[in-house]
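> Fit chain B to the given chain A structure using the hints.
Respectively, the protein sequence lines represent chains A and B. Quick note: the first sequence uses UniProt numbering, first residue 1, plus one each step. Quick note: the second sequence uses UniProt numbering, first residue 1, plus one each step.
No wet-lab data here; the hints were simulated from the structure. This structure is a prediction, so every number in the text was calculated from the model and none was measured.
Only pairs whose alpha carbons sit at most 20 Å apart, straight line, appear in this in silico PhoX-like list of lysine-lysine:
no., chain 1, residue 1, chain 2, residue 2
1, B, 256, B, 123
2, B, 339, B, 358
3, A, 70, B, 178
4, A, 282, A, 320
5, B, 316, B, 332
6, A, 320, A, 332
7, B, 70, A, 178
8, A, 382, B, 382
9, B, 235, B, 225
There are 2 protein chains.
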Amino acid sequence: MIKPKVVILGGGFGGLTAARSLTSIADVTVVDRHNFQTFLPLLYQVSTAGLAADHVAYPIRGALRGSGAKFRMASPISIDHKNKQVKLDSSELLDFDHLIVALGSTTADFGIPGVSEFALGMKTVNEALTIRAEVMRRFEDLCRFEDNTRFSISVVGGGPTGVEMAGALAELVRGPLKSDQANAAAHIDVRLIEAGDRLLPPFSPSLSARTKKDLEKLGVQVMLKTAVKELEHRKIILKDGSSLPSEITIWAAGVKGSPAMQQLNLPTVGNRLSVEQTLQVKNYPNIWALGDIAGAVGKDGRALPMVAPVAIQQGKFIAKQIDRLIKLKPLKEFSYVDKGSMATIGRNKAVVEVKGIKLAGTIAWLTWLWLHLFYLLGGRNKIGTMADWTWNYLTFDRGNRHIMDSEIN
Amino acid sequence: MIKPKVVILGGGFGGLTAARSLTSIADVTVVDRHNFQTFLPLLYQVSTAGLAADHVAYPIRGALRGSGAKFRMASPISIDHKNKQVKLDSSELLDFDHLIVALGSTTADFGIPGVSEFALGMKTVNEALTIRAEVMRRFEDLCRFEDNTRFSISVVGGGPTGVEMAGALAELVRGPLKSDQANAAAHIDVRLIEAGDRLLPPFSPSLSARTKKDLEKLGVQVMLKTAVKELEHRKIILKDGSSLPSEITIWAAGVKGSPAMQQLNLPTVGNRLSVEQTLQVKNYPNIWALGDIAGAVGKDGRALPMVAPVAIQQGKFIAKQIDRLIKLKPLKEFSYVDKGSMATIGRNKAVVEVKGIKLAGTIAWLTWLWLHLFYLLGGRNKIGTMADWTWNYLTFDRGNRHIMDSEIN
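Only chain A is shown next, with the shape it has when bound in the complex (with noise of 0.2 Å):
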């Protein structure tokens, strides 16, 4: 029997998944921009010194390792429908029986002026230590400064992204920036804006409460109905009109699908693709989307969260579907098992909610930690991040504070 050929757009915690999945059945071809793989969720950790860079990174050809799976780096340029083909920036043209769509999120401005510009995002490596490095030379001005002039880092946008971000800001600067150099230290404010009347929207209110409070005891200030209206240099303006000084200004207000699906014309419901039920794009029983970049598919018409078990059940999912196909089994209607939220405030603090169960505080925060440890890819990179985790909370340091953008040589 020839397999079928499965090609596999975007190698993410879906993409991976649907491969591993899949290679028993399917000749498969996963094709990504990055010879990594991102672990998007402890990204920020990056971005405050927790982590090295090349801890919340693995490679791809080592995650398909004795999978039989192939590899392309490139970025998908078009479909030929007619043809059963995908057209790659490096020129190639593969074959596929069937293609699958996990080309994940870029960051969404929602329209706001000044984003694009002026607002860092937290979707890459290379963001994550751009935002690193502006904190440590912000930080650099005002050890040499040595007057009043304060600096302000605002993070916008209250959900799970935000106030993890937020809080990992202020327990950096409150940490190991304050025992580099106390003064400057105190004059760095962390701010986290969310135009809603709550944090963490997903959450009970109870829960929603309790991380506010967390994060003004770490020195956050917290604004809530709080729109941003445009983005200027060093500034924030808001809705009502008035300004605030931003320095450094972290934008963590929400995230579309990928831009690539715009190139690849197919159909799309607000800014993500227009899926069945099966998962199968719109009029392309052949073509499956799956995590970020796919829309609604549950019974509510509801858009699910974009966080990386939705695109593992996904992946899992599809590799199915294509099995039934094969075995000429008729396709099932997929739907979510949530496993809860969880987002991290800070040391010994973070709020899960798992089926009305919530936690907050230590025993969150640990549960939290686990959880992260284990879908973390690879032995290397759960060493690797258990010893700067450690280190970091014995100590209260964070080892990881270069300077190592691109702007660096």
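Using the frame of chain A, we list chain B on its own:
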């Protein structure tokens, strides 16, 4: 008693040693263009995916914590000898009673055309990440070509740096890259080019021969008595007129004093600063130089090797000299205590030469390993490096194969 003001230009091994030795008797400021020290002896392991970039760096403020020394992230522009001030590119003027120049070295091209355009240097973290990214990109190209195209990586210079680099590259290609995609890895050639008639000139000829044999066992093509005339795009032109294809050329043929020394307008000899046996810069009794940037101080007029132990010994020595001046005691003359040389070639393979004792193989390799861990600054880097090394050793893998240079987003 008012403490004298000491400004130290450069936060490498020598500068930081001097700083820590001086804080009890002087008011110390360290100036460096990076906010971290780079552990240069292990940088080649970043280039070859063995270590995370963050683990060969250490925050200078962390190294100076508790010592009372100040830090400025900046580069020196000029010295005002009359007012005893050094001007920084951050627009600051720092007063000094003593100035210590510890700016290190940069790649030397010996006037060979094309080196700065077509060769990759080995002096900074960014250069190391560029080498890693270039090697991995060429490997991904070969994976895509799926034909008999060959790629050559050439290391120019058969000293310890070139030997360690060539050995580590060969192990990367024959180990992890072979596991990633055996056919592509088999099409990569690693070559070491040396103008002299043996490798490792500072060692005994028997260890040079052993090193050559060990490298060849790893698959490195060792070319002795091969002088480079010029570099072109993807090509090396030799003195005899012949040429070699070389997709990646790594320059390990030598270093010279940092170019900042020209800017500071201090007397030079060859391409390093001209210093007295007291380590004072010629004609400037209150300006000192140490490490790679300091010229010959030996009684025989021979320049000292550009290695960390020289800089560390000189850093301590200059601190004592300044103490002697404060106590109105006569200055002494520096003499270097040579503690031996070592170079690692690969897994269980190294050469060590200490006072006539010659070691090779596993014992030499273990000696190299422990001495480097001992010299590595900071507990976190020790733990992280040990974790990466243990992992690499047990699994024959190298986890940091990520393409993370400034070219990607």
